[in-house]
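**Q** The listed protein sequences correspond, in order, to chains R and H. Anchor point for the first sequence: position 290 equals 289 in numbering that gives the first Met the number 0, and the numbering is continuous, going up by one each time. Anchor point for the second sequence: position 59 equals 58 in numbering that gives the first Met the number 0, and the numbering is continuous, going up by one each time.
Be careful, since some hints might not be right.
[What the hints assert, rightly or not] To spell it out: a stretch of chain H is covered by chain R in this simulated footprint if at least three of its residues, at any positions, have a beta carbon under 8 Å from a beta carbon of chain R; those stretches are:
1. 26 to 38
2. 48 to 61
[Stated by the list, open to error] Residues from chain H that keep clear of chain R, each with C-beta distances beyond 10 Å, as calculated:
3. Gln7
4. Leu8
5. Glu11
[To be verified] When the alpha-carbon atoms are kept at most 25 Å apart in a straight line, the in silico DMTMM-like pairs for lysine to aspartate or glutamate are as follows:
6. R:Lys104 <-> R:Glu114
7. H:Lys36 <-> R:Glu354
8. H:Lys46 <-> R:Glu362
9. R:Lys4 <-> H:Glu39
10. R:Lys425 <-> R:Glu410
11. R:Lys285 <-> R:Glu354
12. H:Lys26 <-> R:Glu372
What the hints contain is simulated information worked out from the structure, not anything from laboratory work. As the structure is a prediction and not an experimental result, all values here were calculated from the model. Glycine is no exception: its CB is placed at the ideal position from the N, C-alpha and C atoms.
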Amino acid sequence: MGKHKTPMLDELEKGPWPSFVSDIKQQVENGKHVLKEAPDDLLGVMELSYEDRVTHWKHGGIVGVFGYGGGIIGRYCDQPTNFPGVAHFHTVRVNQPSSKYYTTKFLGDLLDLWEKHGSGLTNMHGSTGDIVFLGTTTDHLEPLFFEMTHELNQDLGGSGSNLRTPECCLGKSRCQYACYDTQEVCHQLTNEYQDELHRPAFPYKFKFKFDGCPNGCVASIARSDMSVIGTWRDDIRIDQKAVAAYVNGEIKPNAGAHSGRDWGKFDIQKEVIALCPTNCMCYDGKTLEINNRECTRCMHCLNVMPQALRVGVDQGASVLFGAKAPILEGAQMSTLTVPFIPMEPPYDELKDLIEKVWDWWMEEGKNRERLGELIQRKSFQEFLRVLELDPDPRMVDEPRSNPYIFWKEEEVEGGWTRDIEAYRAKHQR
Amino acid sequence: MTEDEARQLILETLKSKSKSKSKFYLKDFYAIVPDMKNREVKNLVNKMVMEGHLEYWSSGSTTLIGLKGMGKQHAEED
Numbered sequence: 000m001g002k003h004k005t006p007m008l009d010e011l012e013k014g015p016w017p018s019f020v021s022d023i024k025q026q027v028e029n030g031k032h033v034l035k036e037a038p039d040d041l042l043g044v045m046e047l048s049y050e051d052r053v054t055h056w057k058h059g060g061i062v063g064v065f066g067y068g069g070g071i072i073g074r075y076c077d078q079p080t081n082f083p084g085v086a087h088f089h090t091v092r093v094n095q096p097s098s099k100y101y102t103t104k105f106l107g108d109l110l111d112l113w114e115k116h117g118s119g120l121t122n123m124h125g126s127t128g129d130i131v132f133l134g135t136t137t138d139h140l141e142p143l144f145f146e147m148t149h150e151l152n153q154d155l156g157g158s159g160s161n162l163r164t165p166e167c168c169l170g171k172s173r174c175q176y177a178c179y180d181t182q183e184v185c186h187q188l189t190n191e192y193q194d195e196l197h198r199p200a201f202p203y204k205f206k207f208k209f210d211g212c213p214n215g216c217v218a219s220i221a222r223s224d225m226s227v228i229g230t231w232r233d234d235i236r237i238d239q240k241a242v243a244a245y246v247n248g249e250i251k252p253n254a255g256a257h258s259g260r261d262w263g264k265f266d267i268q269k270e271v272i273a274l275c276p277t278n279c280m281c282y283d284g285k286t287l288e289i290n291n292r293e294c295t296r297c298m299h300c301l302n303v304m305p306q307a308l309r310v311g312v313d314q315g316a317s318v319l320f321g322a323k324a325p326i327l328e329g330a331q332m333s334t335l336t337v338p339f340i341p342m343e344p345p346y347d348e349l350k351d352l353i354e355k356v357w358d359w360w361m362e363e364g365k366n367r368e369r370l371g372e373l374i375q376r377k378s379f380q381e382f383l384r385v386l387e388l389d390p391d392p393r394m395v396d397e398p399r400s401n402p403y404i405f406w407k408e409e410e411v412e413g414g415w416t417r418d419i420e421a422y423r424a425k426h427q428r
Numbered sequence: 000m001t002e003d004e005a006r007q008l009i010l011e012t013l014k015s016k017s018k019s020k021s022k023f024y025l026k027d028f029y030a031i032v033p034d035m036k037n038r039e040v041k042n043l044v045n046k047m048v049m050e051g052h053l054e055y056w057s058s059g060s061t062t063l064i065g066l067k068g069m070g071k072q073h074a075e076e077d
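Just chain R, with the same shape it has in the complex (with noise of 0.2 Å):
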């Protein structure tokens, strides 16, 4: 039994769902943590906001660990009388390895390691994909990241206006869609950009994201300012006796995912012709065939029929840019830059797409402007220039909407200048 009185919080433990507020009670009765009142205090202070219907938290601090500037975010409650556990609660970002594998004994060290200097609270994972301790003093920050550096060989992630921490999607380790190794360029990317990742550089967050293919399975085209996904540039594979075998009922459709329920025979016309959205497949009961030249990547066949259809093999990657949750004008997805790049190391031309992005975001972008928002204020016209690239009809969302292109003078035959009288002479008003 807690020490405050916790009847909203309780209300959270009655759902289908596991409960955080269990988890905590558990962590209350069970846990070794070092800062003893530290979970009991956190559920009462949650109890108040919920009664008070505001936070009881600050907002930031000056807290961090020596030679970094971020990876650690200071926290601090504002009814620290009542809640002392609380009342300096700070937050530690710790580096994810990449696609998230841990051996256990790693993972039950570093949990040591969190009750040993903080309230043994986490939260696996936070949302750019890290590890993240909650609640710590800071008497306690140093010691804990020099024994994480030098006994766990792990590193703090990113916060504030840094690089935040790489993430990628399990990629070639798991997945036979993974059209280059993104735990690969995950990795050289972090260790490319230590500095940027731990020392702020830019005017706001910036994100970096690796989906092996366009099924997105860290959806980096909705949560990063630039977005990596796997694709190929020749055909899809299909093997036309697979194709068969799906349509006589031999193998599952969708590898067996949604056969917990029966759905009636596989119709290769409903559930795969008919589905996809450029109409650029077709099956005549022998033969599937597919016009690769109007596929957009949508992977619906490919998921629905995986033994039967895979991705091309002259692979690489989709380069986007400006993903951002809502903060000036609404959620905002990722604009196709690049449509192809080839992603084998060490990775020079994707370095040295980003570096160009990072120079023209440092001199231009406001403070806490997202790239995306630069975008969108300077013009995807003027992104282009920067980069270096002509603008190509697949960097269009919507025509005469997503982007406008316009002409410059030295562009056009004649320039600005042409004679307006020999022009009329063939072209009546």
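Guided by the hints, dock chain H onto chain R, whose structure is given.
**A** For chain H alone, coordinates are given in the frame of chain R:
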């Protein structure tokens, strides 16, 4: 402008504004030393934090920078 001169100018500018403002965006530092490249200013500011002249303040999403000891400090948060 040498690095030492830029360092001095940054400290003097921040001190002169300290009555009205204790925290600054990184971009504000670019304006203090316009002759230096942005990346050089960023590196110098980070160096001055390491040396103990400046300190970071972070909301979690945005980072601000100020003179060490100016503005609301850790001990005053209670």
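**Q** I'd like to know which numbered hints this structure contradicts. Please list them from smallest to largest.
**A** 9, 11
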